[in-house]
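Take a look at the letters that make up each chain.
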Amino acid sequence: MSAKADPELSMLCEMAHQFANGELTDTCQDNDRFPIAPLFGGVLEKAREVGFFDLTVPEELEGGGMDMVALCLALQTLCRYDASIGGVVFTDALAKEVLVASADPAALTGVLSREGDALESLIAFPSYRDPSEGTSLTAIAVDGGSHRLSGDIESVVLAGVASTAVLPAVIEGRDGYSFFTVSLNGGGVTTGSPVQGLGLRACPAADLSLNGAQAAIVGKAGEGARYFDAAAARMGAAAAAMALGIMKGSFEEALEYARQRRQGGREIINWSEVRRILADMAIKTRVAEMLVFEAGYSVEEKEEGWEQSSRAASLAVGQMACELTDDGIQVLGGNGYMEDYGQEKRFRDARQVQSLLGLVPRRKLEYVRRVVEGESEY
Amino acid sequence: MRAGGNPALLEREPRFEDITCSLASVPKLPRAVIKETRDVIAIARAFNDRVVKPRALELDRRKREEPDYLPWDFVEEANRAGFYSMFIPKLFGGHGINMPALSYLLEELSSGCSAMSNLVGVHYLGIATLCGSFNLKLMNRLMRDVAEGERTGKPCLISLAITEPGAGTDVEEMDLISRAKVTCHAKKVAGGYRVNGTKIFISNGHLSTWHMVIGYSDLERPEVNTVLMAVKTGDEGFSFGRQEHKMGQKGCPASELIFEDCFVPEENVAIDDEQAKNFKRPIKETNMQLIDYVLSVSRAGVGAFGTGVARGAYEEALSFASETEVGGTLLINQEWAQCMLSEMYKNVALARLSYIESNYANGLHGMFKLLQWKPVFYLQKYMPAKMVDALLAPFCEMKIATTLFRKFYFDMQKTNESQCTSGWASLSKFAATDAGVKNCQMAVEMMGQAGLRHDCRAEKHLRDSKLLQIYEGTNQLNRINLFKNLIGRSVPGARAFEEGEGTS
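Sequence lines, in order, name chains A and B.
Be aware that the first sequence starts at 1, since it is given in the numbering used here, and climbs by one per residue.
Be aware that the second sequence starts at 1, since it is given in the numbering used here, and climbs by one per residue.
Don't read these hints as lab results, they were simulated from the structure.
Predicted model, so just to flag it, every value in this text is computed and none were measured.
Mixed in with the good hints there might be a few duds.
Said to hold, decoys possible - If you want a taste of the chain B side facing chain A, the calculated C-beta under 7 Å gives, among others:
hint, residue
1, Asp170
2, Arg179
3, Phe201
4, His245
5, Met247
6, Glu325
7, Val326
8, Glu445
9, Gly448
10, Leu452
11, Arg453
12, His454
13, Glu459
14, Ile470
As the list claims (entries may be wrong) - Sample of chain A residues lacking proximity to chain B, with all beta carbon distances greater than 12 Å (derived):
hint, residue
15, Leu61
16, Ile283
17, Met290
18, Gln308
19, Val371
Said to hold, decoys possible - Computed list of chain A residues with no C-beta within reach of chain B, every gap over 12 Å:
hint, residue
20, Glu62
21, Ile171
22, Tyr378
Where is the CB? At the ideal position from N, CA and C, for every residue including glycine.
Generate the whole structure from the sequences, applying the supplied hints.
Structure (C-alpha cells):
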C-alpha cells in the first residue's frame, strides 16, 4: 500500500510540508545555533497545535490515534527540512512508546497532561542509548510505593526543556533495570548545560545528576529491557523515516546545485562522475523509501517478523543516510562544507540519527542474536 | 634473472620507477634525515600535550560562538615553537629541517586537532607556492620575513590565494581553467600589475602577512596568462572580507580576500608569462608544471592531515574502548571492537605510507630534489647561519640564480617525473583523507552516544576530517589527476578532463 493512496496520510503529508515550509525553511540554520541562539520554542508550540506530538497516542488519551506509517510520514517530511524537530518528535514518541509498552495506564495518563506549553509537555528520554548497554542510575524503594533515584545520566534528550523524563535505573537488589517517570522540576534533580553535539542541535540534550529524586516506577520492576525492546522495535521504522527525510533533503539540494554550478565550461551535472554520485544518491533514497514504508506497514499490521523489519530498516537506512549525506557535501565541494548551505547540517544530523536507539554495532549483534536463538527469522 | 635486463618489461604499467620511489630514495638520503625526523616528532608530541590537546575543544567552541575570532594565541605559540620557519632552508633564513619531516609534524598535530595543524601546514602551502616559482630573490625576501617574525615574536605567515567564487576545482588544472570563468584580473601596468577580483576559502587568510595570489592577465585565456604575485596585508587596494562559517576546522579561518585596484610592483611578481617565455615547454605546460610542483608537495601534506585525523579518531576510540563497559564487559575485550580498532590502525598505517611514498617521489623528482642531494643537505645543515647569510644568501639576489634554478626545475624535469610526483600526491591525498573520514565515522559509531558529544572529541574529528576530502582539489579531481598521470598515459585514446557531452 502506498502512503499516497491513503487520503488521511496524504493530508498529513501535505500538512507537514506546509508546516515545514512555513516554519522551518528560512530558520533552520539559525535554529541549529542552539544553545548559542534560543531554542525554537515557538515552532514547537505550533507543531503541537498541528498535532505532530502524540500522533500515535490513542485517541481515548487525547492523542492523534494515528499509526506508525503516519508517524514515519510526518517524520520524513519534517526531517527533509530540519531533522532537529524530528528528533524532538521522535524522543517524545519513544518515551511514550515505553510507557505504552509497560501497559501501565497510570504512567501514561500521568505524563499526558495538557497543562503548560509545548516544551513542558514533552517527555525527556535518553534516546541515543539502549539502557542494556549499562545504566548508572540506582533506585531505592521508599514508603508509599514510590522510589528515589540517584546517580548521573548523560545526554538525556529534551532534558532542560521538558518537565518530565522517563529514565532507566537499577533497583538495588534486583536484576535488570526498570523505567521511572521523574519530574525534572522537582527536588534532587540537577540539569547540566545543553550538551554540545554533532547534529540535531535544536533537539537539545543535557546531563542529569540525580540525588534522591522522587520517581514513579513504570510498569513492573525489572521489566525495563522488555519495554525498551518493544518500544525500540516499533520506533526503528520512525528512526529510519528521519534518516530518509534527511536523504531526500540532501539529494534535492545536490541535484539543484549540480544544475547550476559550472566547472570546466559546463554545468557539473554534465560530468559523468557527478552523475554517478547523484545516481547513487537517488538509488539509495528510493531504496530507503521502500524500506521505511514497508517497515512502517509491517509494524502496524503486526506482520510476522515485524520487529526485525523495523530494526533492519533503521540500521540499513541509517547507514545509507550517512553515506548519502557525505556525497551530498561532496557534490557541492567547498560550498557543501559551509553553514550557508544545508548539506553540512544534514551530514551531521544523519550521523546523530543513526545513533538513535543505541550503539549501532551492538544493535547489529542483537539483531543476529535473535536470529541465532530462534526468536525471529532473519 | 635475465628478464631484469629488458627495459621494456620495466616500462610496463605500473612502471618500475613509479612503484619503487622508496627503494630508490633510501640509499640517497642523508642519514641525518632520520635524526631530524625523530626530533620533529618528539617536538610535535610535546607541543600536542602542552598546547594542542588542552586547547582544541575550546578553540572549536569559541569559533562557533564568535565566528570572527582569530586564534592569534595559538599562532604565537606555534611561532615560538619555531614551526613557521622550521622547514625553510637555511639559505633563506630558516632552520633548514628536511621538508618531508613537515608531514610527520602535521600528522602529529592533526591527531590532536586538524584545524591547529592547518594553522601550521597551510603556511607551508604558501611557502611551496612561492618556491614553485623558483624566483630566488623573492623567495629570499619573503622567507626571511618569516624568520624575522619568529625572532621578533610577530608571526609572519604566508597564504595561497587561488580559489575564486566561480572556480574551485578549475583553477588547479590547466585543461579545466581554459574553459572556466575566472575573475581575478591582473592587468599589466607600468612597473607591475593592477589586480581586481575576489578570492575565497583562503585558509589562514586573515592571519597571514603575505599572500601568494594567482591572477590572470587575460581572463579569456587564463591557462597562458597566469600571474603569481605576492601581496602583503595592508597593501593599498587589498582587504579582507568575511570568514567562512565552516562545519569543522573552525579554528583555522577560511577567508575572503578582496582586491580593488591593488597595485603589485614588479619585484613582488613571482612569475608570469613574460618571465616564463624562454622556458623549454609552452607556457600552458609550464603553468601546469608549476601547479604540479606545488600540489605534489601540498597534497602529500593533506595526506598527512588525513593520516593525523584518522589517528586522532583511532586514539579516541581506543581510549574509550579501554575505559567503557558495554553490557557488563569492557569494550576493548569484545572481538568486534578489536576488529574495528585493527581496521582503524590499518587505515592510519596505509595512509601514512601513502604520504611517505609521495614525499619520496618529491625527493627524487620534485621540489625536494636539490635539498635532499647530500652535498647540498650537509652544506646547509652544518654551515653556520651567519656564514650562509654572508656567503650564500647574496647569490639569491643575482638573476642568474633564478635562471639556474628554473633551468634545473622546469626545463630539466622530465614528463614522467612530474607524472610520478603528481600521481602519487593525488593518490596520497584521496587515500589518506578518505581513511581519515572513515576512521572518524568508525570512532563515532563505536563510541555511540559519547561519540556524538563535543567533549568526547570524536565528533569534532569527524567534522574536521570532511574538509580534507574537499580542499587541495576534491577527491574526485584527484582521482582524475591520478588517472591522467599514472593510468591514462599508457592507454591509447585516453583523455582526462575532456569528457564528451554525450557520456553523461
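Status of each hint after checking the structure:
A distance limit of 7 Å between C-beta atoms decides the matter here; for Asp170/B the minimum to chain A is near 6 Å, and the interface restraint holds. Given the 7 Å rule on beta carbons, the hint for Arg179/B holds: about 3 Å separates it from the nearest Cβ of chain A. Of the supplied interface hints, the one on Phe201/B holds, with its beta-carbon coming within about 5 Å of a beta-carbon of chain A, less than 7 Å. Nearest Cβ of chain A to the Cβ of His245/B: about 4 Å, under the 7 Å cut. The hint holds.
The closest approach between the C-beta of Met247/B and any C-beta of chain A is roughly 4 Å, which is under the 7 Å cut-off, so the hint is satisfied. Annotation: interface hint on Glu325/B holds; nearest CB of chain A at approximately 6 Å, less than 7 Å. A distance limit of 7 Å between C-beta atoms decides the matter here; for Val326/B the minimum to chain A is near 5 Å, and the interface restraint holds. With a least beta-carbon distance of about 5 Å to chain A, the hint placing Glu445/B at the interface is held under the 7 Å criterion.
Nearest Cβ of chain A to the Cβ of Gly448/B: about 4 Å, under the 7 Å cut. The hint holds. Hint status for Leu452/B: holds, given a least beta-carbon distance of 5 Å to chain A, under 7 Å. A least Cβ separation of about 6 Å between Arg453/B and chain A falls short of the 7 Å threshold, and the interface hint therefore holds. Proximity of His454/B to chain A holds as hinted, the smallest CB-CB distance being about 4 Å (cut-off 7 Å).
Given the 7 Å rule on beta carbons, the hint for Glu459/B holds: about 4 Å separates it from the nearest Cβ of chain A. Here the hint on Ile470/B is kept, as its CB sits about 6 Å from the closest CB of chain A, short of 7 Å. Remark: the non-interface label on Leu61/A is consistent with the geometry, its nearest Cβ contact in chain B lying 30 Å away (cut-off 12 Å). Residue placement check: Ile283/A keeps its beta carbon more than 12 Å from all beta carbons of chain B (closest about 17 Å).
For Met290/A, the non-interface assignment is confirmed: its Cβ lies about 24 Å from the closest Cβ of chain B, beyond the 12 Å cut-off. The claim that Gln308/A lies off the interface holds: its Cβ sits roughly 20 Å from the closest Cβ of chain B, which is beyond the 12 Å cut-off. Annotated as non-interface, Val371/A keeps its C-beta farther than 12 Å from every C-beta of chain B; the closest such distance is 16 Å. No beta-carbon of chain B is positioned within 12 Å of the beta-carbon of Glu62/A; the least distance is around 32 Å.
Residue placement check: Ile171/A keeps its beta carbon more than 12 Å from all beta carbons of chain B (closest about 17 Å). No Cβ of chain B approaches the Cβ of Tyr378/A within 12 Å, the least distance being about 18 Å, so the stated non-interface status holds.
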